[in-house]
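Asks: Listed here are the chains, written in short residue letters.
Number of protein chains: 2
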Amino acid sequence: MAQTRILPPADNAYQYPLLIKQLLLSGPRYNPDQEIVYANRSKYTYSDLVERIHRLANALTDAGVQPGDTVAVMDWDTPRYLECFFAIPMIGAILHTVNVRLSPEQIVYTMNHAEDDVVLVHDDFLPILESVRDEIKTVKTYIQLTDDASAKDTSLDSTGEYEALLGKAATSFDFPDFDENSVATTFYTTGTTGNPKGVYFSHRQLVLHTLGMTGSLSANDEMPLLRSSSVYMPVTPMFHVHAWGVPYAATLMGIKQVYPGRYEPELLVDLLKTHNVTFSHCVPTIMQMMMATESIKTADLSNWHVLIGGSALTKGLCDAGAKLGIRMYTGYGMSETCPLLSTTHLKPEDLELPLEQQTSLRVKTGIAVPMVEIEIVDPSGNPVPHDGEAKGEVVARAPWLTQSYFKEKAKGEELWEGGWLHTGDVASMEPDNTLTIKDRIKDVIKTGGEWLSSLDLENLISQHPAVAGAAVVGVPDEKWGERPFALVTLKPGEDASLEDIQKHLQQFVDKGDINKWAIPEQMNFVDDIPKTSVGKINKKLIRDQLK
Amino acid sequence: MAQTRILPPADNAYQYPLLIKQLLLSGPRYNPDQEIVYANRSKYTYSDLVERIHRLANALTDAGVQPGDTVAVMDWDTPRYLECFFAIPMIGAILHTVNVRLSPEQIVYTMNHAEDDVVLVHDDFLPILESVRDEIKTVKTYIQLTDDASAKDTSLDSTGEYEALLGKAATSFDFPDFDENSVATTFYTTGTTGNPKGVYFSHRQLVLHTLGMTGSLSANDEMPLLRSSSVYMPVTPMFHVHAWGVPYAATLMGIKQVYPGRYEPELLVDLLKTHNVTFSHCVPTIMQMMMATESIKTADLSNWHVLIGGSALTKGLCDAGAKLGIRMYTGYGMSETCPLLSTTHLKPEDLELPLEQQTSLRVKTGIAVPMVEIEIVDPSGNPVPHDGEAKGEVVARAPWLTQSYFKEKAKGEELWEGGWLHTGDVASMEPDNTLTIKDRIKDVIKTGGEWLSSLDLENLISQHPAVAGAAVVGVPDEKWGERPFALVTLKPGEDASLEDIQKHLQQFVDKGDINKWAIPEQMNFVDDIPKTSVGKINKKLIRDQLK
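Read top to bottom, the protein sequences are chains A and B. The opening residue of the first sequence carries number 4 in our numbering; numbering runs sequentially from there. The opening residue of the second sequence carries number 4 in our numbering; numbering runs sequentially from there.
Everything labelled a hint here was simulated from the structure, so no lab data went into it. Any given hint could be a false lead.
Chain copies aren't distinguished; within one or between two, either way the pair holds.
[Stated by the list, open to error] Calculated cross-link-like contacts (lysine-lysine; reagent style DSSO-like; alpha-carbon spacing at most 30 Å):
| # | residue 1 | residue 2 |
| --- | --- | --- |
| 1 | Lys24 | Lys350 |
| 2 | Lys367 | Lys24 |
| 3 | Lys539 | Lys445 |
| 4 | Lys412 | Lys543 |
Nothing here was measured: the structure is a model prediction, and the numbers come from that model.
Please model the complete structure; the sequences and the hints are all you need to start from.
Replies: As structure tokens, then:
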């Protein structure tokens, strides 16, 4: 290591570890009366938020929580959850955001694996825990979350109801300083094989992710996504990568926040309209459900900016959004990356185009955000050319990537092979540094010695006017190794045949966008495409079903 | 310290120290062809910037620079200087930005104190160094900076001319990783007494300052000051607190940058017009000079946003700017604070007021930016009320404050007394968290047992239509302890008497803004008010002269 010069601070200078408590300094200072809304139920101010975080810290401490303990939360997307985002790590404990969409068996697996000490659980999820009660190993007590302050009877060992405990708790907590590398949060990422794996993020990492996100999203040239007049509503769950970390960034900036609770499409649209929401993040599936509601037809959405992630933003969805005035952007990242790696980056000249013509730019995976190193590499780890054609695995370095999987040393080392985090995504990179994800490494269809992107094919099939959605997987083929097989869902009242879709795809062959051999010979028209708990197409299941 | 949980990374995970090289990742990626302009001389792209930084690193290494060495720069505000901002710390050396406005004796003092190894010096400043040549103790060699590639003959030991050395250097340098607490930059702050004191900032601190600044300035509700369509031109020198750190933030965002070279008012206005500059930072003195030019009368300045610092933004200056369409903001900080502590923060409803009516909000010191802890305290270190009236010393904590003074342990401990950095500024804080600096502690006029702010009085005197500027100091008084004494400069062709100014001040007494005893009985009308090398009123000199 280079012999640089490091000077000691003055004897009594304040050492400044990066801690989540610092993310709570500026928002309430910028705007103490700014609102935080819980659906159509209740609202309070940033000043209230601060007091409630102090009360929660006291309530948790009263319930026995110590620094280093793990506190799990099972809740809908609520201001309560936001309070947990701050209070739990701020006392030095670890916030475990439980994926409530997992099976009871998977949930109890993650709780035992994370060694949860205390669980905050909404009454709606009590039956899940009660059903696996005897398998829960480390939990000492439960705190019940309710929307109407009347907690249900439960066979679990309940310390009491959240609001009642907060009401009794002292209003001030002296949040300590500690090592910035202390674990702040953990949650489990589910692949299609094996047990869920626990990723974790330190205080330092979450502070840096928040600062990096605030700068990169605020500097958006179309509209700064996070500024004092913004109104934020998450539409990806808070249990999943801290709702992409945006609640931290929104709180840092002191902007209005709307928490929807449950993801009911009519409710979400109603909240958009009532609060003039300007910024959300969303997965394509939920976006499609919102766009299919009656009420969206009468909404003015020209000021709604949506970062789309989870799975690829298709041209079809982006076009349909543009017709409603919605500005969509691609956001790219994953559970392991905290998650932000890249976003759509529109240049001033791009924005002069009509919104419909910007679609092809918005569906690209975008340009890596500040502080992120990104590369595409071949199987030996060597970079492939940035020519928009060559495909490689996306690898990354950044100050906010999970450093391993909890208690899974070997898998952590595999993730970090060669000192870069391996995303498992295959992408090309254009000379202007724009990344385009082509597929998951395991979903790429290897046909006739070439790599065929299942995502590209899904995207093109989805552009057929009768098609609602498509999933393409590789199936074994004696001659070609693999061939693409498509599952297609149609829009209500629409019809199309295999030949119609093939004819639709032929035009892209004619334009040189794809090769002739990319057109699938096999296609099933289905009512539903199997999805994972986080709304991604479950290709493992599809492949298994096709066997 | 709380027993939190710290998990080790995977064996081969990439440890991510925060280093200045990471600030250079995103700008060239967002916009490789974006321009960096040197006055009306030359321009190049971000891609060129990256290559030149690599070449400079090689040229410096060829000249013998090692990690841990100190490399001083004496230049005008140029893209060369920007290259030094990156290349010198990126090789692990320390950038010493020399204040070229100091006396030759002070300059040689700072060079010896910082133990400079190599000096990059513009030919315009050669005579300064030649005049003190025999007193320079540690410098091994000089690199000459010129604007026309023909270096002057010099008695100094010159390695060669900058452009020639870059031309010969290899185009790629492998910038190493090292401890993020390594010193990256140093410069000297001049008080009115004693020798200049060296402050210093680590890689970690500069990265965090940049990220904090990018978020807080981008989230400005009026216009994000740093976004891809912004055009940035510094109007406070790069040797002074890294031009407030904005060159790092602008480079991170990939925005167009215009470096003016010398601060000639007509040139600055010409550059504003030619490049449609949207964002600058400036001290009041230079702003007044620019506003006094002929050419500004024909400029469209409605898109120019200026952060004013160094000394207070007066209502008079802000009003005059508003008449030209210029949007001014107060920025607050100091050499010791890297510098950003607070800025004007306008709420959406404030912006609905006509620009002229926003002045009273813009002249306030503003609200502390994200990640900054700020307090106002009495002489015992206890917080005083945030009622807009009570005055206390501003103390701060943040991740980017100098940790001491170089080789001045005792002064460093005084700066950090009680674990907070003491700014030496006296301020009040309103219930809405808005800070208003009232004075320097040493400039407060103690009269009849009360604290009278010299800045308040200067501000009110400056609002007299005939007055160009004012300086107020305390002079000893047998009865009252001290009484205010005013130095006043008048606008060209204007006239005013002591009685006129007193009558003007009486109206503020009548309105209850100030007390009757605040009106000075003593006033000198002068041609010039003594200023320090960085353009602040030199009150020490005024007090000495009045003795």
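Asks: Are the hints correct? Go through all of them and say.
Replies: Here's how the hints hold up against the structure:
no. : hint            : in the structure
1   : Lys24 x Lys350  : between (35 Å within a copy, 24 Å between copies)
2   : Lys367 x Lys24  : between (35 Å within a copy, 27 Å between copies)
3   : Lys539 x Lys445 : within (14 Å within a copy, 64 Å between copies)
4   : Lys412 x Lys543 : within (25 Å within a copy, 64 Å between copies)
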